[in-house]
Amino acid sequence: MDKDIADYTLDYAKGKKVDYAEVRAHTENREELAMKNGVLDAYLSAVDSGFCVRVLVDGGIGFASTNKWTKEEAKAMVDIAYKYAKMAKRKDKIVFAEEKSVKADWKVEEKKRIANVSPETRIQTLMEMDKALTSQGINVPGRMFTFGVNLTEKYFVNTEGSVISSYVPRIGAFMFITVVESGKPEQAYKQFGYAGGWEAIDKWKLNDQMIHEAKVLQRVIKEAKAVKAEKMDLICGPEVTGIATHESCGHPMEADRILGREMSQAGKSFIYKGGPFWLGTRIGSPAVTIVDDPTVKNSFGYYEYDDEGIKAGPRYLYKKGVINEFLHNRETAAKLGVRSNGSSRAINYDREAIVRMANTFVQPGDVNEEEIFEDVKKGVFMKSFTEWNIDDKRFNQRYVGREAYWIENGKLKHPMARPVIETTTQIFWSAVDAVSKNIEYDAGSCGKGDPMQGVPVYTGGPMIRLREVYVK
Amino acid sequence: MSEALAKTEEIMKKSKALGADDVIARTTFGRYRQTRFSNNQIDISVAWNDYVTDVVLSWKKRVVATQIRNFQNVDDSVKGLFQLAKVSKENPQYGGVAKGKFRYQKSKADRTLENLENPAEYVLEAVEAARKEAGPDTNAGGILFTKLEDIYLASSEGPTGEDSRSAIELSIRAFSQSEASGHGVECSSTIKGFDPARAGAKAGGIARLAKNPKAGLEGRFDIIFDPLFAGSLVGMWGYMTSAYYVLVQLSVFVNKLGQKVGSDIVTLRDVPASYSMANRLFDDEGAPTRENVLIDKGVLKTYVHNTSTAKIFKTETTGNAGLVTPTPWSLELDAGNMSRDEMFSEVKRGLYLTNTWYTRFQNYATGDFSTIPRDGIFLIENGEIKQSWKDVRLSDNALKMLGNIKGISKQRQHVHWWGEADPPSLSPYILMKDVQITRPK
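Just so you know, the protein sequences line up as chains P and B, in that order.
In case it helps, my numbering puts the first sequence at residues 10 to 481.
In case it helps, my numbering puts the second sequence at residues 152 to 592.
Just so you know, the hints here were simulated from the structure itself, not pulled from any lab data.
Just to be clear, a hint being listed does not mean it is correct.
Derived lysine-lysine pairs resembling BS3-like cross-links, with alpha carbons at most 30 Å apart [as the list claims (entries may be wrong)]:
1. P:Lys80 / P:Lys23
2. P:Lys214 / P:Lys392
3. B:Lys240 / P:Lys120
4. P:Lys77 / B:Lys230
5. P:Lys140 / B:Lys343
6. B:Lys343 / P:Lys98
Residues on chain B that point at chain P, a partial pick, calculated with CB under 7 Å [as the list claims (entries may be wrong)]:
7. Ser315
8. Arg324
9. Gln328
10. Gly356
11. Trp569
Note that beta-carbon positions come from the ideal geometry of N, C-alpha and C, so glycine has one too.
Next comes chain P alone, as it looks inside the complex (with noise of 0.2 Å):
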């Protein structure tokens, strides 16, 4: 990386006496590896590196990316995002909440460094997982594997006087399957995520998990019951519990989202101005905290400091089942009179940096698990999910469960082929008694954006206990 470009393109873009300008820099150290039913397809490795210029100019924004690292390059780039902010005669302007400049340089530390691991450790541990996972006497003809390592070097400047350094490797891994049992397949996939070092392999236990994930679909096909459908008690696990708090409270509280600005691609929200709820407004249960926190250490979403340079905290989206705050940047903290709470993420240097998730959790309770269960007369837990979908207003939401079971008087029964619940946003959190002192997290890559944007983040929470919802 080299920040004297950087640095150079942000006077030149000075110089076009802009109302704000930043450049933001990436380099980006990946590694891939597709595995296929036993087979390592390929090794990817590669470095990609180039940095982008963001301009506001008469209340337009012009935008420009390249991985040449040159002058006349970065002049370029500049010239182009200043005639297309120039470009968008705007009825009302765009600006940009006030903030403070920022000096910072901040790092993840990596326990075990990845750099330090050789590739055959890295094939090894796939390896070694397909052997274990086939050696346990289950039919598992569909196996993909992909593990990718990316360690991200970053450097933001603007014409504020912010400063940015930073340094994040993450390393992530995903796993499908396709079990056979007399002829009828059920499938499973996990996903696993870190911003750290190699320690993460140790704390997954990728086999024990992957072992699971093929038992249970074995004993799904060979022992699930189809649930009767009617009204009664649910309780979600925590993987479950973690994409309903992604989809139904996470997404729906994103201003740009709220204002509008993603109504083509990702959508709106049920949220919005002049309609049936807005900050204030309940929308579940007293039992519903649910906070957004990028400062989660080692989470998959971590950051300390957003892509506009703003620092990071907790933002506390559900409080106590009241609407409380939503996602911002600075754009969007402007039109609605507030602060950014530093929301604000890219993918690379090549993308915009959009608002987004980090780490969406329902914030932990005080019921033991066991006491979650003990009084339930009849009911579904279901532990974790396959299909699942949320309208582009995140209101009406689709859970169908994997791992299931049937709950009788306070105890698990056998497991359920995949139990449905299709219910609203509303209904979902205004059901919930519940919530469990534990809390799991999961990894995601959360898609937004157009070009899409996956960025990392981390769902999850507790166990939860909704009341009288209905289940098929």
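Given the coordinates of chain P, assemble chain B onto it according to the supplied hints.
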């Protein structure tokens, strides 16, 4: 030979000289431009330039790849890559890459798409067309995207060539009310005939009809899919023909070659033709792309392959190589014999669905999935649109739906938007019988 191709070939030869068995170097000079808009105004315009050489090499069936973006360190990059191959693991299923010298057609790329003089004009034209249809209070957003890529490929196994790939896409979603919207797209490989107003008018027209939606009902319905929704379905079926997805069971087409998988009127092709946003002369191995009939009159004829997957299935590459995953480039569902009006007149009680998103599977092997219709959702009674609906979900099976296609329109549209209607396709209106609709409770 152009200077860029010569440099690409030099990278390939350097890698080969280190002892690699097969090497492919592919250089891309990409110029991508995008204008994003919402609330009838431009939010941001973006230019991104990318200069990259992808190198894939194999040594004793160990397959490794890199991307070179810093051209000062080419020697170090290829040496590092070769060292990685030496410690990597053998891939016994590696079947090599395309061999031979090929004559490619001449690219018909539109070089004006490198930098449109004033992209804002196209955006505002589309917005005005939407407002004209749906009223002055209409709120529209979307993107205008242009692409010009120059590609230079050199393979140690013979293929050497140049391609230029251009595309322009306008995607607009118009809201006539907070819960009433329509979506239109205009997609092409060239600026010639590109009509932003057509997309805007389509979005606005649907948004006007979609006003005052009522909560929809559950049940099984006959459904007319608009070409934009059909593009999502065609993409879903098309991707499942990738031999890689078949091998890992991410497909309903496992063990179904030669079998009936759709109704008799279904013929699905992969055609990376010059009109398409996804036009290309050769694949990532340098094999010439071609038209492939994937499903012929309802019978699954082939998966799409690279050289390695083709060897696993004892066939030849179809010219769809990616490094690991062969993929369809640009799909076409053959036109049928119905007009749009004839299709509507066939429906006594059903739905007209104009768009969808968030398609997710319970099980790719069985095909059980759901997707969420968005924008105009209309109840049809006796061939007429009777009511605008909202808040329903299509929850059915990908294979069963392919078999339930009862009508295909003569009219087709080149569609693509975001990741939802992807890859680009030439999609018609589709009439499908007995589709399950669910709703939240």
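Each hint tested on the structure:
no.	hint	result
1	P:Lys80 / P:Lys23	15 Å, holds
2	P:Lys214 / P:Lys392	18 Å, holds
3	B:Lys240 / P:Lys120	27 Å, holds
4	P:Lys77 / B:Lys230	22 Å, holds
5	P:Lys140 / B:Lys343	56 Å, violated
6	B:Lys343 / P:Lys98	27 Å, holds
7	Ser315	20 Å, violated
8	Arg324	4 Å, holds
9	Gln328	11 Å, violated
10	Gly356	16 Å, violated
11	Trp569	5 Å, holds
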